[in-house]
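J.: Each chain, written out:
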Amino acid sequence: MKDLLFQTLSKKNRLLILGVGLFLVLVYFIPIWAISISAPQYPEGLGMQIWINQITGATPYDLKNINLLNHYIGMKEIISESIPELLFMPYVLAYLIIGAFITELVPKVGMAILGIINLVIVGLVGLFDFWRWEYNYGHNLNPDAPIIIEGMAYQPPLLGCKVMLNITACSYPSYGGMILASSLVLLVYIVWDEKRRKKSNVV
Amino acid sequence: MLKKSNIIVVTLGIALFAFLPNCKKGAATATLASDAASRVYVAPGEKDEVYAFLSGGFSGQMSVYGIPSARLFKIIPVFSVFPENGYGFDEETKDMLKTTHGYVPWDDSHHVEASMTDGKQDGRWMFLNANNTPRLARIDLKSFETKEILEIPNTAGNHASPFATENTEYLMAATRFSVPVPQSNVSIDSFSKGGFKGTVTMVKVDKNTGRLSIELQVLVPGFDYDLSHCGKKKSHDWCFFSSYNSEQAHKMLEVGASKKDKDFILAFNWVRAKECKDQGKTYNFGGEYVNNFKEENKPAVSTKLSGVKMLNPKDCPGMMYYMPTPKSPHGTDVDSTGEYIVGGGKLASVIPVHSFSKMIEVKDKKEHHSTEIEGIPVLKYESTLAGEVQKPCLGPLHTEFDGQGYAYTSCFVSSEVVKWKLGTWEVVQHLPAYYSVGHLSIVGGSSTEPYGKYLIAMNKITKDRYLPVGMELPQSAQLYDISSGKAELLSDFPTVGEPHYSQMIPAKLIMDKTAKLFPLEENKHPYATKSENDARIVKLGNTTHIYMTAIRSHFKPDIIEARTGETLYFHVTNLEQDYDIPHGFAIGGAPNMTNLLIMPGETRTFKWVALKPGIYPFYCTDFCSALHQEMQQYIRVSP
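Respectively, the protein sequence lines represent chains A and B. Residue numbers for the first sequence follow UniProt numbering, so the first one is 1 and each next one is one higher. Residue numbers for the second sequence follow UniProt numbering, so the first one is 1 and each next one is one higher.
Extracted from the complex, chain A is given alone in its bound form (with noise of 0.2 Å):
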């Protein structure tokens, strides 16, 4: 096991490496994460991103028009500003960036196993994180809503699509989330791939 860690990465899988520094970069111009909103009275669907930094309507009113509806209901309204983790997120992004070029410089196989469990965790807590702001939006309703139902929560899902009165709300990741689980995959199959060439050495 010691020996894989400190094993030197194939000159393929260095510059592997050097491709998921660089495709890490696309995820400041991105979104990472998108939930879009259908009702009749919204034929044409209402859409909502989620940036490393900062949250958008899909169109240039869309946010407006989701805190509209939301506010019938007493939601707090969904702006940036609220949401502080946006602001440490694009530091997040650059420490696995760097991380990647570091190991352009030390390229070792536990570097790229250190990347999987950093990729692991921002994950992990982000996906965490996320599901306690929907819970949060969903269940803190402003007591003083025009429209009440007894035990109803508007918590959006983490994947997939969900009907709340009549509307249908789906999440899921944008581009920019699939390359963060592309990433992941990517440094897997390189430390899968070292292995693989460590037996065969050995063998």
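There's no promise every hint is true.
Stated by the list, open to error - Here are the computed lysine-lysine pairs in the DSSO-like style, where the Cα-Cα straight-line distance is at most 27 Å:
(1) Lys327(B) - Lys274(B)
(2) Lys260(B) - Lys197(B)
(3) Lys76(A) - Lys530(B)
(4) Lys556(B) - Lys76(A)
(5) Lys47(B) - Lys513(B)
(6) Lys74(B) - Lys120(B)
For the record, the hints were derived by calculation from the structure and aren't laboratory data.
Given the coordinates of chain A, work out where chain B should sit on it, guided by the hints.
T.: What follows is chain B alone, placed relative to chain A:
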């Protein structure tokens, strides 16, 4: 012995024979009827193929229909006030109806014209005339709103208007009622002595902004100029105006103006007219007029202007010619190639067709002139004639073209549309109309490239067509499919006001360009309130400005205190940025003001004078949300 099966066959054969004649007729009718219904049926969720813009006649407005379904989508207020949305009442739009005669909140709108680029409809603007108080309007097809109204001076009865040149360089507007120019108090019988004049006005359209301005006017003999159409392709430089009452009768026109066998189509070379203007052959002439312009989401600005450049035909040779045309011509229509100018002699027994190339060939040859009227040469009838459609119908008025070599002429007296072939002048089909058809319109029919397929006939009378609704019945339009060899009647439908003319445009040219909302951040209205935090009340002496916002489902501020005699301006900004969420605004018992409909991102102003102490509710009139009924509040007026 006969087999059983043979007996059955024989019996069946006899039965079929016996029923065949009846069945054939019944089946054919049934098939046709159901077929026509399915061809105008637009299933739920599907959209029409064509936009039809119909003038509203004495309603002064323009209506928008979907074709083939004939569903009414919208009435666009143009020359008449519109209580439904406050047009002509509120502080933003009331100046649109200003004229030199003051505020004129009604008119008589006859002709719709579409803007064109290279002779093809471009879906940017529609133009509409006001016949009664001479005006001309530009309607923007992004917002489907009236953006500009220009008054035409030195004219009376702006009927031959607003007909556009091939590139919408100019719109033509000519006098229907000749009058003393400039206006003066003269004896009415001086009309017969040449004391009354007509004018032809060239209105310039800015090619980027669409802004209207008067380029020049031409002083023409005092006939009644009725309709116009401009040339295309080779006849690009020319516009043609029909005229009646060349007799210059001034009483009992019914008889007096119907004496002569021929009146005239005036051929006007507008490029030459512009040339003469540039050469300084015009002179400064009086005439006050008003230009009203409403920039997007801003109050209309009304500008009073004075004076025009006037041109006399005799100072500009080669600009105008009269082509004699039988008898009291109404329509004058140019076919899609630009070669044929078809007259609609409403009392004539033929449809005369002039040839543009012949006109060009003979126009300056003395032997082809019969006389000259006030500096305008009169060409000989036979010299420009391409042909005549013999005995087509009674009372031919207007002609449109399908681009396939066929022309369709409406016939008022015999209530029909006749289809005839250009070149051979043969009538190929008579289509009954219900009843007394005036204009007709083909999709793209007045452009160089008609899209054909549909034709609508616009009728004046609908006796027995629909359920009776008292003395005044609706006017109607009839829809025909002209895509195959034989035109077929598909449906008829009642219309808003009396539709005189229409323009039909394929939906795909317009539908994706329509505006959905006014972006709030671009709202430059001087009284806009872009967020609820800015909502406020500002008192200036006896005048109060209320900077109010409307959003689902409340107004802010929502409690208003006033004193009797105070004037309140409610500047309401709709903060919504969602498609199709207007808010309404109305105050109970408000005199002189109607409802307001405020589009998303728009600001409009409701003026209200606190007359009597009391509590006055105001509310949203456009059902906006589940809490629409709660969107209401109060004004308290104290002594």
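J.: Could you run down the list of hints and mark each one as holding or not?
T.: To see whether the hints hold, each was checked on the structure:
1. Restraint check: the Cα-Cα separation between Lys327(B) and Lys274(B) comes to about 31 Å, which exceeds 27 Å; the hinted pair is violated.
2. Taking the CA atoms of Lys260(B) and Lys197(B), the gap is about 20 Å. The hint holds against a cut of 27 Å.
3. A hinted pair counts as satisfied when its Cα atoms are at most 27 Å apart, and Lys76(A) with Lys530(B) qualifies at roughly 21 Å.
4. Among the hinted pairs, Lys556(B) with Lys76(A) is consistent with the structure: their alpha-carbon atoms are about 20 Å apart, no more than 27 Å.
5. With a C-alpha separation of about 15 Å, the suggested pair Lys47(B) and Lys513(B) falls inside the 27 Å cut-off, and the hint holds.
6. The straight-line distance between the Cα atoms of Lys74(B) and Lys120(B) is roughly 24 Å, inside the 27 Å bound, and the hint therefore holds.
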